[in-house]
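Visitor: Sequence:
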Amino acid sequence: MPGVRPCRPQCRAGRGAERVEAQAGRPVPGPLTLYWAPTSPFVRLVMAAAHELGVAGRFRLVEATVENIVDVVSPVNPLAQIPTLVLEDGAVLYDSATIVAWLDARYGTALAEPLGGRGADRWRVATRTAAATGLMDAVVAERHLALQPDGHRPDGFIERLRARRMRVLGYLAGRVAPADAPVTTDALAAACALGYLDFRFPSEDWRGAHPALAEWFAAFGRRPSMQATAPEAPDAPPAPTAASAAAKAPG
-17 MPGVRPCRPQ CRAGRGAERV EAQAGRPVPG PLTLYWAPTS PFVRLVMAAA
33 HELGVAGRFR LVEATVENIV DVVSPVNPLA QIPTLVLEDG AVLYDSATIV
83 AWLDARYGTA LAEPLGGRGA DRWRVATRTA AATGLMDAVV AERHLALQPD
133 GHRPDGFIER LRARRMRVLG YLAGRVAPAD APVTTDALAA ACALGYLDFR
183 FPSEDWRGAH PALAEWFAAF GRRPSMQATA PEAPDAPPAP TAASAAAKAP
233 G
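The working numbering puts the first residue of the sequence shown at -17, with every later residue one more than the last.
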(Lines of atoms letter the chains of each structure in order from A and count residues from 1; the text may use other names and numbers.)
(Lines give C-alpha, C1' and ligand atoms only; values in the text may rest on other atoms or scores of the structure.)
Protein backbone atom coordinates (compact mmCIF):
# COMPACT_ATOMS: atom_id res chain seq x y z
CA MET A 1 0.00 0.00 0.00
CA PRO A 2 1.39 3.47 -0.82
CA GLY A 3 2.97 5.21 2.12
CA VAL A 4 3.87 2.09 4.03
CA ARG A 5 6.99 0.12 3.18
CA PRO A 6 7.68 -3.41 4.29
CA CYS A 7 9.92 -3.63 7.31
CA ARG A 8 13.58 -3.73 6.35
CA PRO A 9 16.31 -5.24 8.52
CA GLN A 10 17.78 -1.78 9.06
CA CYS A 11 14.54 -0.43 10.58
CA ARG A 12 16.02 -1.00 13.99
CA ALA A 13 13.99 1.65 15.80
CA GLY A 14 11.06 -0.71 15.56
CA ARG A 15 12.78 -3.96 16.44
CA GLY A 16 10.28 -6.29 18.09
CA ALA A 17 7.29 -4.07 17.27
CA GLU A 18 4.40 -4.95 15.03
CA ARG A 19 4.02 -2.97 11.77
CA VAL A 20 0.65 -2.10 10.30
CA GLU A 21 -0.56 -0.31 7.22
CA ALA A 22 -2.11 3.15 7.19
CA GLN A 23 -5.73 3.21 6.11
CA ALA A 24 -6.24 6.35 4.04
CA GLY A 25 -4.00 8.22 6.49
CA ARG A 26 -6.28 7.56 9.48
CA PRO A 27 -5.18 6.03 12.78
CA VAL A 28 -5.01 2.26 12.56
CA PRO A 29 -7.33 0.56 15.08
CA GLY A 30 -5.40 -1.15 17.84
CA PRO A 31 -3.13 -0.36 20.76
CA LEU A 32 -0.50 2.37 20.74
CA THR A 33 -0.09 3.21 17.06
CA LEU A 34 3.15 5.11 16.47
CA TYR A 35 3.75 7.13 13.31
CA TRP A 36 7.47 6.92 12.80
CA ALA A 37 10.47 6.77 10.48
CA PRO A 38 13.54 4.59 11.01
CA THR A 39 16.14 7.39 10.95
CA SER A 40 14.34 10.20 12.81
CA PRO A 41 16.18 11.20 16.02
CA PHE A 42 12.86 12.28 17.53
CA VAL A 43 11.41 8.82 16.93
CA ARG A 44 14.59 7.25 18.25
CA LEU A 45 14.14 9.13 21.54
CA VAL A 46 10.67 7.62 21.92
CA MET A 47 11.84 4.13 20.99
CA ALA A 48 14.89 4.32 23.27
CA ALA A 49 12.65 5.35 26.17
CA ALA A 50 10.29 2.48 25.32
CA HIS A 51 13.22 0.05 25.40
CA GLU A 52 14.31 1.41 28.78
CA LEU A 53 10.76 0.89 30.04
CA GLY A 54 10.50 -2.56 28.50
CA VAL A 55 7.51 -1.69 26.30
CA ALA A 56 9.00 -1.28 22.81
CA GLY A 57 7.10 -4.31 21.58
CA ARG A 58 3.72 -2.75 22.38
CA PHE A 59 3.75 -0.34 19.43
CA ARG A 60 2.10 -0.78 16.10
CA LEU A 61 4.12 1.22 13.57
CA VAL A 62 2.97 3.27 10.60
CA GLU A 63 5.92 4.56 8.60
CA ALA A 64 6.01 8.12 7.30
CA THR A 65 8.34 8.95 4.42
CA VAL A 66 9.53 12.22 2.90
CA GLU A 67 7.02 11.70 0.12
CA ASN A 68 3.93 10.82 2.18
CA ILE A 69 4.34 12.39 5.61
CA VAL A 70 1.72 15.09 5.09
CA ASP A 71 -0.88 12.70 3.67
CA VAL A 72 -0.25 9.98 6.24
CA VAL A 73 0.25 11.97 9.44
CA SER A 74 -1.81 15.17 9.07
CA PRO A 75 -5.17 13.39 9.58
CA VAL A 76 -4.09 12.61 13.15
CA ASN A 77 -1.62 15.46 13.77
CA PRO A 78 -2.19 18.87 12.12
CA LEU A 79 1.56 19.54 12.29
CA ALA A 80 2.20 16.44 10.13
CA GLN A 81 5.21 15.62 12.27
CA ILE A 82 6.70 12.48 13.71
CA PRO A 83 6.66 10.90 16.18
CA THR A 84 2.90 10.87 16.68
CA LEU A 85 1.33 8.37 19.05
CA VAL A 86 -2.34 7.32 18.90
CA LEU A 87 -3.49 5.80 22.19
CA GLU A 88 -5.90 2.92 22.61
CA ASP A 89 -8.83 5.30 23.17
CA GLY A 90 -8.02 7.34 20.06
CA ALA A 91 -6.34 10.24 21.88
CA VAL A 92 -3.28 11.56 20.06
CA LEU A 93 0.07 12.68 21.48
CA TYR A 94 2.81 14.41 19.55
CA ASP A 95 6.23 15.84 20.26
CA SER A 96 8.82 13.32 21.37
CA ALA A 97 9.21 14.74 24.89
CA THR A 98 5.42 14.63 25.41
CA ILE A 99 5.25 11.01 24.28
CA VAL A 100 8.17 10.00 26.49
CA ALA A 101 6.56 11.74 29.47
CA TRP A 102 3.35 9.79 28.85
CA LEU A 103 5.23 6.49 28.57
CA ASP A 104 7.11 7.31 31.75
CA ALA A 105 3.88 8.09 33.63
CA ARG A 106 2.20 4.91 32.43
CA TYR A 107 5.03 2.38 32.49
CA GLY A 108 7.84 3.90 34.56
CA THR A 109 6.77 2.71 38.00
CA ALA A 110 9.23 -0.20 37.87
CA LEU A 111 12.21 2.13 37.42
CA ALA A 112 14.34 3.20 40.37
CA GLU A 113 14.18 6.75 38.99
CA PRO A 114 11.52 8.18 36.65
CA LEU A 115 12.83 9.09 33.21
CA GLY A 116 11.62 12.62 33.82
CA GLY A 117 13.42 12.98 37.15
CA ARG A 118 12.01 13.87 40.57
CA GLY A 119 11.24 17.07 42.41
CA ALA A 120 13.20 20.13 41.41
CA ASP A 121 15.43 18.00 39.18
CA ARG A 122 12.41 17.36 36.97
CA TRP A 123 12.67 20.85 35.51
CA ARG A 124 16.41 20.59 34.96
CA VAL A 125 15.84 17.31 33.10
CA ALA A 126 13.12 18.98 30.99
CA THR A 127 15.39 21.92 30.15
CA ARG A 128 18.30 19.71 29.14
CA THR A 129 15.91 17.59 27.07
CA ALA A 130 14.77 20.74 25.27
CA ALA A 131 18.40 21.63 24.51
CA ALA A 132 19.08 18.16 23.12
CA THR A 133 15.95 18.13 20.95
CA GLY A 134 16.93 21.61 19.78
CA LEU A 135 20.22 20.10 18.62
CA MET A 136 18.22 17.50 16.69
CA ASP A 137 16.21 20.33 15.09
CA ALA A 138 19.38 22.12 14.02
CA VAL A 139 20.97 19.02 12.48
CA VAL A 140 17.75 18.06 10.66
CA ALA A 141 17.42 21.59 9.27
CA GLU A 142 21.08 21.66 8.20
CA ARG A 143 20.68 18.36 6.40
CA HIS A 144 17.63 19.58 4.48
CA LEU A 145 19.43 22.77 3.50
CA ALA A 146 22.46 20.77 2.37
CA LEU A 147 20.20 18.93 -0.10
CA GLN A 148 19.08 22.17 -1.73
CA PRO A 149 20.82 23.59 -4.82
CA ASP A 150 23.43 26.22 -4.04
CA GLY A 151 21.23 29.14 -5.08
CA HIS A 152 18.34 28.08 -2.88
CA ARG A 153 19.98 28.31 0.55
CA PRO A 154 19.38 31.42 2.70
CA ASP A 155 22.60 33.37 3.15
CA GLY A 156 24.35 32.53 6.38
CA PHE A 157 21.64 30.17 7.65
CA ILE A 158 23.77 27.02 7.65
CA GLU A 159 26.47 28.91 9.55
CA ARG A 160 23.91 29.97 12.18
CA LEU A 161 22.72 26.38 12.53
CA ARG A 162 26.29 25.20 13.01
CA ALA A 163 26.90 27.90 15.61
CA ARG A 164 23.79 26.75 17.48
CA ARG A 165 25.06 23.19 17.30
CA MET A 166 28.37 24.13 18.87
CA ARG A 167 26.65 26.09 21.65
CA VAL A 168 24.41 23.16 22.52
CA LEU A 169 27.32 20.72 22.47
CA GLY A 170 29.13 22.94 24.95
CA TYR A 171 26.02 23.18 27.12
CA LEU A 172 25.50 19.41 27.18
CA ALA A 173 29.19 18.72 27.80
CA GLY A 174 28.95 20.31 31.22
CA ARG A 175 25.60 18.88 32.24
CA VAL A 176 25.14 15.23 31.26
CA ALA A 177 25.01 12.84 34.19
CA PRO A 178 27.55 9.99 34.40
CA ALA A 179 26.79 7.23 31.94
CA ASP A 180 26.13 4.77 34.78
CA ALA A 181 23.66 7.07 36.57
CA PRO A 182 19.92 6.29 36.50
CA VAL A 183 18.70 7.01 32.98
CA THR A 184 16.67 10.16 32.46
CA THR A 185 15.02 11.66 29.39
CA ASP A 186 17.70 14.30 28.89
CA ALA A 187 20.44 11.66 28.68
CA LEU A 188 18.46 9.68 26.13
CA ALA A 189 17.78 12.84 24.13
CA ALA A 190 21.44 13.89 24.22
CA ALA A 191 22.58 10.46 23.04
CA CYS A 192 19.99 10.43 20.24
CA ALA A 193 21.03 13.92 19.14
CA LEU A 194 24.73 13.03 19.10
CA GLY A 195 23.97 9.80 17.27
CA TYR A 196 22.03 11.70 14.63
CA LEU A 197 24.87 14.19 14.23
CA ASP A 198 27.24 11.29 13.57
CA PHE A 199 24.69 9.65 11.27
CA ARG A 200 24.16 12.65 9.01
CA PHE A 201 27.53 14.40 9.28
CA PRO A 202 30.07 11.63 10.04
CA SER A 203 33.03 13.82 9.07
CA GLU A 204 32.24 16.42 11.75
CA ASP A 205 34.87 16.31 14.52
CA TRP A 206 32.77 17.47 17.47
CA ARG A 207 34.63 15.01 19.71
CA GLY A 208 37.87 16.95 19.43
CA ALA A 209 36.26 20.02 20.99
CA HIS A 210 34.31 18.04 23.60
CA PRO A 211 36.31 14.96 24.66
CA ALA A 212 34.41 14.45 27.92
CA LEU A 213 31.09 14.48 26.07
CA ALA A 214 32.53 12.04 23.52
CA GLU A 215 33.62 9.70 26.32
CA TRP A 216 30.16 9.89 27.89
CA PHE A 217 28.50 9.19 24.52
CA ALA A 218 30.70 6.17 23.88
CA ALA A 219 29.79 4.70 27.29
CA PHE A 220 26.10 5.58 27.16
CA GLY A 221 25.85 4.31 23.59
CA ARG A 222 26.56 0.78 24.82
CA ARG A 223 23.19 0.66 26.57
CA PRO A 224 20.85 -1.93 24.99
CA SER A 225 18.29 0.81 24.30
CA MET A 226 20.86 2.69 22.22
CA GLN A 227 22.10 -0.40 20.43
CA ALA A 228 18.56 -1.51 19.56
CA THR A 229 17.60 1.86 18.06
CA ALA A 230 20.78 2.86 16.21
CA PRO A 231 20.05 3.77 12.57
CA GLU A 232 21.87 2.03 9.76
CA ALA A 233 24.10 3.89 7.30
CA PRO A 234 21.95 6.33 5.29
CA ASP A 235 20.96 5.80 1.70
CA ALA A 236 21.11 8.69 -0.75
CA PRO A 237 17.93 10.64 0.10
CA PRO A 238 15.54 12.32 -2.36
CA ALA A 239 15.37 16.09 -2.37
CA PRO A 240 12.72 17.23 0.12
CA THR A 241 9.58 19.09 -0.94
CA ALA A 242 8.70 22.39 0.68
CA ALA A 243 5.95 20.71 2.69
CA SER A 244 8.13 17.88 3.92
CA ALA A 245 10.98 20.20 4.86
CA ALA A 246 8.57 22.22 7.00
CA ALA A 247 7.62 19.11 8.96
CA LYS A 248 9.88 17.05 11.19
CA ALA A 249 10.18 14.71 8.26
CA PRO A 250 11.84 11.34 8.47
CA GLY A 251 15.23 12.96 8.97
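Watch out, some of these pointers could steer you wrong.
The calculated label-pair distances, taken between Cβ atoms and stated as ranges, are [claimed, not checked]:
| no. | residue 1 | residue 2 | range |
| --- | --- | --- | --- |
| 1 | 209 | 145 | 41 to 51 angstroms |
| 2 | 164 | 112 | 15 to 25 angstroms |
| 3 | 131 | 100 | 47 to 57 angstroms |
| 4 | 162 | 112 | 23 to 33 angstroms |
| 5 | 138 | 191 | 20 to 30 angstroms |
| 6 | 131 | 162 | 40 to 50 angstroms |
If you are wondering where the hints come from, they were derived from the structure by calculation, not from laboratory data.
Ideal Cβ positions, reconstructed from N, Cα and C, are used throughout, including at glycine.
Visitor: Taking the hints in turn, state whether each one holds.
Guide: Hint by hint, here is what the structure shows:
no.: 1; hint: 209 with 145: 41 to 51 angstroms; in the structure: 32 angstroms, violated
no.: 2; hint: 164 with 112: 15 to 25 angstroms; in the structure: 20 angstroms, holds
no.: 3; hint: 131 with 100: 47 to 57 angstroms; in the structure: 50 angstroms, holds
no.: 4; hint: 162 with 112: 23 to 33 angstroms; in the structure: 24 angstroms, holds
no.: 5; hint: 138 with 191: 20 to 30 angstroms; in the structure: 22 angstroms, holds
no.: 6; hint: 131 with 162: 40 to 50 angstroms; in the structure: 47 angstroms, holds
Consistency with the previously given hints fails for number 1 only.
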